[in-house]
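Residue numbers (the numbering used here): 1248 to 1579.
Derived from the structure by calculation, the hints contain no laboratory data.
In this text the structure is predicted, and so the values were computed from the model without any measurement.
Quick reminder that beta carbons are idealized off the backbone N, C-alpha and C, glycines included.
Hints may contain errors.
What the hints assert, rightly or not - Ranges between beta-carbon positions, derived for each pair: (1) Arg1395 to Arg1572: 52 to 58 Å; (2) Ser1517 to Val1405: 37 to 43 Å; (3) Arg1572 to Val1405: 58 to 64 Å; (4) Arg1362 to Val1315: 17 to 23 Å; (5) Ile1359 to Asp1467: 32 to 38 Å; (6) Asp1467 to Tyr1407: 41 to 47 Å; (7) Gln1385 to Ser1255: 35 to 41 Å; (8) Asp1552 to Ser1500: 24 to 30 Å; (9) Ile1359 to Thr1311: 17 to 23 Å; (10) Asp1286 to Ser1578: 56 to 62 Å; (11) Thr1408 to Ser1500: 53 to 59 Å; (12) Ala1378 to Arg1481: 35 to 41 Å; (13) Ser1578 to Glu1283: 53 to 59 Å.
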Amino acid sequence: MKPVNLTSAELGSLWSTYIANTLSRCVLIHFLEVAEDPDVKPLIEQSLHQTNSQILHIGEIFQTEGAVLPIGFTDSDVHSEAPRMYSDVYVLQYLKQVANIGMLTYSDSTYISAREDVRLFFNECLAASQALDNQTTQLLLNKGVYIRPPYISPPEKVEYTKEQSFLTGWLGERRPLTAVEITHLFLNILRNSLGKALLMGFSQSAQSKEVKEFFLRGKDMASKHIEIFSSLLREEDISAPSQFDSHVMTSTSPPFSDKLMLYHAVTLISTGIGNYGTSLSMSPRRDLTVHYNRLMAEVQLYAGDGMRLFIEEGWMEEPPQAVDREALATSK
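Let the hints inform the model, and build the full structure from the sequences given.
Below is the structure:
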């Protein structure tokens, strides 16, 4: 007996997951080929195995539905003979970030899915992301390269805010940053540092002039955002996390196609917009809200330019869409 039809939410989540996993598969194939650290290599192998399994599972669901699978990314998008572009420490940090994105994405996909087989699938994906996060965190700790958020003194008594100055940021005396605000500044510095390093490698190896310029623009933007967030921490004598520039190798041989690198950049940028939105909602100090609103608008513009370039190159597959009733009505 055929199960209940997929809802738009289920179809969209499965389609997006398939595209993302075909991209991850190519990235992991290259990382596995060039990895040198015997502790990191098994994690890449495990991630690649899980990614392949998820790709096959979505294919089975689509076959049951009679739906056409997207092409996504294939072996032609990864150049296994290319030398390493990133250090194994960076790859480990990258895997942790991928696990974090997976936990957020798969929890949402589970929440909006009603069909049992789809819910079970996304639950399994979520569990795999949680396991990867735990494993990468522990390995980073074991190697002494885990980047901890800043320490602050714990409160010694309960106090209530009595003045509106709690919200001020530009005029008047600014209150110290809260623990939550510090956390979001730290995370946004860390994520921008990882993204900047990724774009540095992509800019070194991109074949298209337009794509290369897009990556260089993103690298400069990430540097600016890192400095803004870091300066807010330094004002209160709080250290900012270190960057990953030194973990990018000097190779100019492309490990991936321009298509894959551009899509990867755009999707990470889109994730960054969501991160800034979350930070905005958790940061009541007004100077922080102004920064997040301004920088989020800048990133949205950059992401839009990247997507337009992706479409101009003829690389954009149309996602599942509602039926265009007006087009049907005027087709005869």
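Hints, verified against the model:
1. Arg1395 to Arg1572: 52 to 58 Å: 55 Å, holds
2. Ser1517 to Val1405: 37 to 43 Å: Holds - the Cβ-Cβ distance for Ser1517 and Val1405, about 40 Å, lies within 37 to 43 Å.
3. Arg1572 to Val1405: 58 to 64 Å: Holds, at about 59 Å.
4. Arg1362 to Val1315: 17 to 23 Å: At 19 Å between Cβs, range holds.
5. Ile1359 to Asp1467: 32 to 38 Å: Distance hint for Ile1359, Asp1467 holds at roughly 37 Å.
6. Asp1467 to Tyr1407: 41 to 47 Å: 44 Å, holds
7. Gln1385 to Ser1255: 35 to 41 Å: 39 Å, holds
8. Asp1552 to Ser1500: 24 to 30 Å: 26 Å, holds
9. Ile1359 to Thr1311: 17 to 23 Å: 20 Å, holds
10. Asp1286 to Ser1578: 56 to 62 Å: 59 Å, holds
11. Thr1408 to Ser1500: 53 to 59 Å: The hint (53 to 59 Å, Cβ to Cβ) holds, given that Thr1408 and Ser1500 are roughly 56 Å apart.
12. Ala1378 to Arg1481: 35 to 41 Å: Roughly 36 Å apart at Cβ, these two residues keep to the hinted range, so it holds.
13. Ser1578 to Glu1283: 53 to 59 Å: 58 Å, holds
The structure shown violates none of the earlier numbered hints.
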